[in-house]
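A.B. asks: Here are the chains, one letter per residue:
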Amino acid sequence: MTLHLDDARWRAANTARLLDEPGAVDPAWLRDYAPHDAETAAEKALLDALARTEPAVQIDEAAAIAGALEQWDPSGLHAEIRRRRWAKRAVIVTGLLAVGVAAGLVLGVGPRGLGIKNEDDHIAQAGAVSSPSDEASAVTPEAAPAPAAPGSTPASEQPDASASSWAVHSGAVVAEADGTPTALLPRGVALVAAGELCTSSGPQTEICLQDGSRFELVDGDQLELLRGRAHVRNRGERSFSVQVDDMKVEAKGPAVYVIEREMAGWSLTVEEGAPVMHTKGSHTTVQAGQTLMDKATRGRARRSVPDPRERLAAARSRRAAGDRKGAAKLYEALIAASPRSSAARVATVSLGQLYLELGRPKKARAAFERYLARGAGTLSEDAAFGRLRALRALGASSFQAAVAKFLARYPDGAYTSRVRRWAE
Amino acid sequence: MVFFIHFEPCGATPWWAFSMGTTLRARPGSTSDPKRDLALTRRVVDGDRSAAQRLASRLMPTVRAVAVRLTRNSADAQDAAQEALVELLRSASNYRGDGSLEGWAQRIAMRSVARWMRRHAKGAVPTEVGDEVRADSASTFVIDRLPRPLETYLGELAEPQRTALILRCSLGCTLPEIAEITDSPVPTVKSRVGRALAIIRGSIRRDVRFGPRKQAQA
Numbered sequence: 001m002t003l004h005l006d007d008a009r010w011r012a013a014n015t016a017r018l019l020d021e022p023g024a025v026d027p028a029w030l031r032d033y034a035p036h037d038a039e040t041a042a043e044k045a046l047l048d049a050l051a052r053t054e055p056a057v058q059i060d061e062a063a064a065i066a067g068a069l070e071q072w073d074p075s076g077l078h079a080e081i082r083r084r085r086w087a088k089r090a091v092i093v094t095g096l097l098a099v100g101v102a103a104g105l106v107l108g109v110g111p112r113g114l115g116i117k118n119e120d121d122h123i124a125q126a127g128a129v130s131s132p133s134d135e136a137s138a139v140t141p142e143a144a145p146a147p148a149a150p151g152s153t154p155a156s157e158q159p160d161a162s163a164s165s166w167a168v169h170s171g172a173v174v175a176e177a178d179g180t181p182t183a184l185l186p187r188g189v190a191l192v193a194a195g196e197l198c199t200s201s202g203p204q205t206e207i208c209l210q211d212g213s214r215f216e217l218v219d220g221d222q223l224e225l226l227r228g229r230a231h232v233r234n235r236g237e238r239s240f241s242v243q244v245d246d247m248k249v250e251a252k253g254p255a256v257y258v259i260e261r262e263m264a265g266w267s268l269t270v271e272e273g274a275p276v277m278h279t280k281g282s283h284t285t286v287q288a289g290q291t292l293m294d295k296a297t298r299g300r301a302r303r304s305v306p307d308p309r310e311r312l313a314a315a316r317s318r319r320a321a322g323d324r325k326g327a328a329k330l331y332e333a334l335i336a337a338s339p340r341s342s343a344a345r346v347a348t349v350s351l352g353q354l355y356l357e358l359g360r361p362k363k364a365r366a367a368f369e370r371y372l373a374r375g376a377g378t379l380s381e382d383a384a385f386g387r388l389r390a391l392r393a394l395g396a397s398s399f400q401a402a403v404a405k406f407l408a409r410y411p412d413g414a415y416t417s418r419v420r421r422w423a424e
Numbered sequence: 001m002v003f004f005i006h007f008e009p010c011g012a013t014p015w016w017a018f019s020m021g022t023t024l025r026a027r028p029g030s031t032s033d034p035k036r037d038l039a040l041t042r043r044v045v046d047g048d049r050s051a052a053q054r055l056a057s058r059l060m061p062t063v064r065a066v067a068v069r070l071t072r073n074s075a076d077a078q079d080a081a082q083e084a085l086v087e088l089l090r091s092a093s094n095y096r097g098d099g100s101l102e103g104w105a106q107r108i109a110m111r112s113v114a115r116w117m118r119r120h121a122k123g124a125v126p127t128e129v130g131d132e133v134r135a136d137s138a139s140t141f142v143i144d145r146l147p148r149p150l151e152t153y154l155g156e157l158a159e160p161q162r163t164a165l166i167l168r169c170s171l172g173c174t175l176p177e178i179a180e181i182t183d184s185p186v187p188t189v190k191s192r193v194g195r196a197l198a199i200i201r202g203s204i205r206r207d208v209r210f211g212p213r214k215q216a217q218a
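Chains S and B supply the protein sequences, listed in that same order. Position 256 of the first sequence, counted from 1, bears residue number 256 in the numbering used here, the numbering being contiguous throughout. Position 88 of the second sequence, counted from 1, bears residue number 88 in the numbering used here, the numbering being contiguous throughout.
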């Protein structure tokens, strides 16, 4: 094949323009040039197509905007910064704790055994008790009730405990704020340093805090959970509340509930009773068996479910690797798990094509028809063509009618010439 | 209501713009007013969520145009578009109001999507039938003159070549702009565009002389 002289000139000039090289000519000539040979015509068509057409790729714009806003959320960023700060402090405190434990081992625990060793100790252990009216110096093991086995001593069995006193039944806490043993005082941030910490506020409320939890006793009747998990058992009528950020749970009657606070979010699960949740001026009675969570936690919970797009990518790579059966299984799983997602819609056509390749036209037909039944989509033409192939493979009597319908619908489509050949 | 605005890739009029008139759909009320746009971005910087939503909605067509062209399929386009939007929101403080908001957004989006493509290049999923280019009614004529769908030709290119060619021919960037977007030297970019053209030219020649290669799914 001989290249026409003007075609050669057009190609050279076009290349020069694209590569910013000398030799570029009048853009109008480049634009209006009518190629003589098929190669140049195809090349011009390709470059024109690149400039003029947009791939019919589907984007769920609303989802992209919502996802972007969630990631951008400045409050989320600040929470992350706070979380990192806390994580850093936790490392320091844990280090200090390790040093303290080592020092304790070197000096010996002494005859007093478990509990507060002296007023300067930063670790409070099982058996200690304090009253808000007393300051740090008031805590002595002699004044405390006998140490109890972890998790086995209900507060109601301690007749000496007053309504506003706090007792540690199991676990250990370490002070962080000002170096005093704040775990048993109503002020300051405390960290649960070993095992689960179970404390009680009087005979009516028992709280167990998970290892690593941080909390602050706001007053005798309120605990602010800064991080971790609190399991609260309220036995009597006395009001007690647990606060996380601007959300507060209050139980004025018997109730058992769990509050978790991780990173920027929280969740509340009520096991028994019906505590009231207060948030920004509104309040909700949460029934037993209900779980409520904030937006950030809900988002994380959603993300923990396999993303349809990830499944689609996995199926595609399986298909690209030549494992058609494996890919078909993944496509099927994706469609079953997220039937309304855009990924599942695309997967339906891919699944039909795979079934055709696997020699299962009946299943292929079903897949294509499922796609078409949901109305027009980007892949309608592909699905309609796939359906024709399936009908042809099945030797269906409706094939010719389907061909005529296809040609009427897609007179200039990508598959039209092939379908026309079938019709002839 | 739909407004049609001229698309000015890479902040400059591409050589074909005078004839091709590539258009992007823009949402009502998106006519550019740098002062108002600057106020909007300032509100985003101050953490105003509704302003952030407005900005994201306004710039979505710009981001979409970049993401669908540079990526290979819907899933990638979705992820890359979302990441580009996040970057736009976080970069709101960089908008000085001395140009169109869309032009500013497009530069950021192109950098962001190109970076996303580089990060995910190793696990790149081949283009499927479902992600093939489909011409709109205005460009059917152009597409029909191609022996094979456009995306199959682009699919034969290495990722850096494909990205460089699309940035040059589809988004109208200059070679130095592509170099900045892709973190590559200008001579490398020039070589990629030249090589991409040569590969495509070779494929077209084969297709014209010996007929299009059979497609796996056909």
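I should point out that these hints are in silico values taken from the structure, not numbers from a laboratory. Hints may be right or wrong, so weigh each one.
As the list claims (entries may be wrong) - Which bits of chain S does chain B cover? Going by a derived footprint, with three or more residues having C-beta under 8 angstroms, they are:
#, segment
1, 35-43
2, 62-72
3, 339-353
Remember, it's a predicted structure, so these values are computed and weren't measured experimentally. For each residue, glycine too, the CB sits at the ideal point set by N, CA and C.
A.B. asks: Give a verdict on every hint.
C.D. replies: Here's how the hints hold up against the structure:
1. Beta-carbon proximity to chain B at under 8 angstroms applies to 5 residues in the segment 35-43 of chain S; the threshold of 3 is reached and the given coverage holds.
2. Under a criterion of three residues with beta carbons nearer than 8 angstroms to beta carbons of chain B, the stated coverage of the segment 62-72 of chain S is upheld, 8 such residues being counted.
3. Evaluation of the coverage hint for the segment 339-353 of chain S: fulfilled, as 6 residues show C-beta separations to chain B shorter than 8 angstroms, against a requirement of three.
Violated hints for the displayed structure: none, as all numbered hints are satisfied.
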